[in-house]
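Peer 1: If you want the building blocks of each chain, they are given just below.
Number of protein chains: 2
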Amino acid sequence: MANILIIGAGRSATSLIDYLLKKSGEFNWKITVADADKNLAEEKTAGHANAKAISFNINDAEKRREVIREHDLIISMLPAFMHGAVAKDCVEFGKHIATASYVSEEMKALDKEAKNKNILLLNECGLDPGIDHASAMKVIDEIKSKGGEISAFRSYCGGLVAPESNDNPWGYKFSWNPRNVVLAGQGTAQYLENGELKFIPYNRLFTQTNEIEIEGTGKFDAYANRDSIGYINEYGLASVKTMLRGTLRQHGYCKAWNVFVKLGLTDDTLKITNANKLTYGGLINSFLPNGSGSTKAKLKTFMGSGYDVEIEKMLEYLELFSDKKITVAEGSAAQLLQALLEEKWKLKPNDKDMIVMQHQFEYTLPGQTTLQKLNSSLVVIGKDDHHTAMALTVGLPLAITVKNFLTGKFKLYGVQIPTKKEIYLPLIKELEEHTIIFSEKIQD
Amino acid sequence: MANILIIGAGRSATSLIDYLLKKSGEFNWKITVADADKNLAEEKTAGHANAKAISFNINDAEKRREVIREHDLIISMLPAFMHGAVAKDCVEFGKHIATASYVSEEMKALDKEAKNKNILLLNECGLDPGIDHASAMKVIDEIKSKGGEISAFRSYCGGLVAPESNDNPWGYKFSWNPRNVVLAGQGTAQYLENGELKFIPYNRLFTQTNEIEIEGTGKFDAYANRDSIGYINEYGLASVKTMLRGTLRQHGYCKAWNVFVKLGLTDDTLKITNANKLTYGGLINSFLPNGSGSTKAKLKTFMGSGYDVEIEKMLEYLELFSDKKITVAEGSAAQLLQALLEEKWKLKPNDKDMIVMQHQFEYTLPGQTTLQKLNSSLVVIGKDDHHTAMALTVGLPLAITVKNFLTGKFKLYGVQIPTKKEIYLPLIKELEEHTIIFSEKIQD
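As given, the protein sequences belong to chains A and B, one line each in that order.
According to this note's numbering, the residues represented by the first sequence are 341 to 784, in order.
According to this note's numbering, the residues represented by the second sequence are 341 to 784, in order.
Because the hints were derived from the structure by calculation, they are not lab data.
Among the hints, erroneous ones may be present.
[Unchecked claim] Now the in silico label distances, taken between C-beta atoms and shown as ranges:
#: 1; chain 1: A; residue 1: 403; chain 2: B; residue 2: 410; range: 54 to 60 Å
#: 2; chain 1: B; residue 1: 481; chain 2: A; residue 2: 667; range: 14 to 20 Å
#: 3; chain 1: A; residue 1: 422; chain 2: B; residue 2: 383; range: 42 to 48 Å
[As the list claims (entries may be wrong)] Stretches of chain B that chain A covers, calculated by requiring three or more beta carbons in the stretch to come under 8 Å of a beta carbon on chain A:
#: 4; segment: 387 to 398
#: 5; segment: 450 to 457
#: 6; segment: 591 to 604
#: 7; segment: 623 to 634
Yeah, the Cβ is synthetic: ideal placement off N, Cα and C, and Gly gets one too.
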């Protein structure tokens, strides 16, 4: 018997809520779904006997604390920066919390108190981070159990559009928060390569990419994620020489996105006033250095040798050289770009999205000198624009792991991510029942 | 009779405090100098009969409010982000406030209440911003009084090292907050050029520079300041076609600084742990893409056609290709770079710094068709590493303007910057008595 509170009932919470409602009879759970939009919460609970839908303002601390106090475990599907406040309340009142987001400094600071109180602070339990940790650790522990030593680990994941719904030259549509896609990678990425610490600043992130080919699925560009170094310890890979986590886009996307980075169109700091007096063509022109000829010609000169017809087509598809009016009254360049992309990269009702993940391991087995190479890959195709592969793979690991915790399958407290056997083994097993199945292949 | 509180007694407050102490007898002022470091506050008041030195924690709101309540006018020499809290207290208690910093959103939000209460919120009253506004407005108003129409305004300022103390290839030493110098320009700059809105993102800021020559002083590079557009209204230049404010560095500095930007060495977001296990040569190498040869050779290839021997010499001067150990245990790349620069670019005891400012006006007079060009320039040389031109030109305008306000020379309330005649005219006149004198020259 447990009272579960789910905060946030957006698209990415669909499979999570469905799963928990289905199991609620068996385990005697009462489930509250809360959202700022009460209709959305009601839509998701759909009159289920064990569920109720509520609505409250998450920033109203008193109300939030009152609601949290009535439950045993809180699942926060809020934007990542809002987890901290919820987690603080949870630890104070002795409630467990689960999220799909990266462990924040605020979360880390609650670890000790949570452990003392036997409170679980489950994080990074969605797709990426989430399924990536679980599936990587399964292979790592298997190699280790044979006495193998892992020298290189590379892991890539992308939320993309399925080939059958891919009808734009970018090979991309939004199945996830558009703002995060536009701002992706700002800052500096760090990873380990052949024993050397490597940094890539944002201004070069989309030029220093790897090309990945996944059999039967296609070619992809991979750019480095923010911090790969921190996972060397988390994964127990102390002697690894190469450690890289990256994000996948369709092959060709990164060189075109680099135009935006070089122009400055992904800047989110300067507010452009009266933006709705500008056109997208005018905006591009304002970001270009002085030169002669059309905006298109100036851009070609500006970008230099890497620029090609393919990139130009991708920009034309977005009407970036046109008199198309900007409709945002005031916003950063990133916000103006986002508004355009949300129009151009929208999933249509029957469009299917696609999740692609691949781990690449290099290791040696005891008594052998040849380097072994193993790839572990996952491809998940969504059903339509609402039942997306993204929503499934983000929500399900969280739901399954919460179920496993509440039913005593593991007893771990404080900050946890799905890297421990007692968490990842039953998780991976159950994901397979939902056709989220990795295929492993020895490489020649 | 007035009680004046000066918060912050660092180097940049020296001339401000000296000036106000000198005038304190004549105007019956009691002056309190507050600093987190009581010794510093005592050093600056030096037992003056009208002064006292105090020390308190600015983040202790109760104590801060208690101190503010005992005074009539507060001069905040704190870092800019801290003015907001002080200003809020000031407006609540009916106290005036004066700063040398840019008008913040927090300050703007207090404007209406301050006007209602006849409270002055004086800002941008140092060097740049400050003297630049006052001296530009003097010329602008003079041209306007002749019926002239200004079509272009460019204004440049730099805090540099004097030629006689310039003994490093960068032509630069710190006379100001090193952190601000290292992080300068992050975000996107906007200005107006020939009627077109122009943006320059940080990744290209140090490549799209102007070359400026100031007679008898030398050649300089100018890079664009964050926001030049906002000053079109402030300066009353509605019909201007070119509006640019920029920062000066010695000619050659910007192309070398661009190496840091392109490498990613000015990133302040990623914390590098165990940095003290690295060398500066190793750090550069970690930021370089893979390649062959020495770090120096790889950097040359990486930078491409703009790279030359002069830049290499500047980097060598900083020991950036060497095994010099990093001493900072943990910090962003920007912090590691700053630590090195603070060592290399330190003013020696007898070093003199130099302030250079130049406004360039283009205008037409009524009934004439030829474009008039006028430059108004200022050069100030410091005395030594403590009595810097920087401290003089930042502190004096603030001190003089506070004096002019307290003695009734102007009666303006709410947010003010020194663009109005009643503020800038007496200010410029008195600055001239302190040998801060602009020379105007018609250009051919």
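Peer 1: Take the hints in turn and mark each one as holding or not.
Peer 2: A quick look at each hint next to the structure:
no., hint, result
1, 403/A / 410/B: 54 to 60 Å, "violated (41 Å)"
2, 481/B / 667/A: 14 to 20 Å, "violated (40 Å)"
3, 422/A / 383/B: 42 to 48 Å, "holds (47 Å)"
4, 387 to 398, "violated (count 0)"
5, 450 to 457, "violated (count 0)"
6, 591 to 604, "holds (count 4)"
7, 623 to 634, "holds (count 5)"
Checked against the numbered hints above, the structure breaks hints 1, 2, 4, 5 and satisfies the rest.
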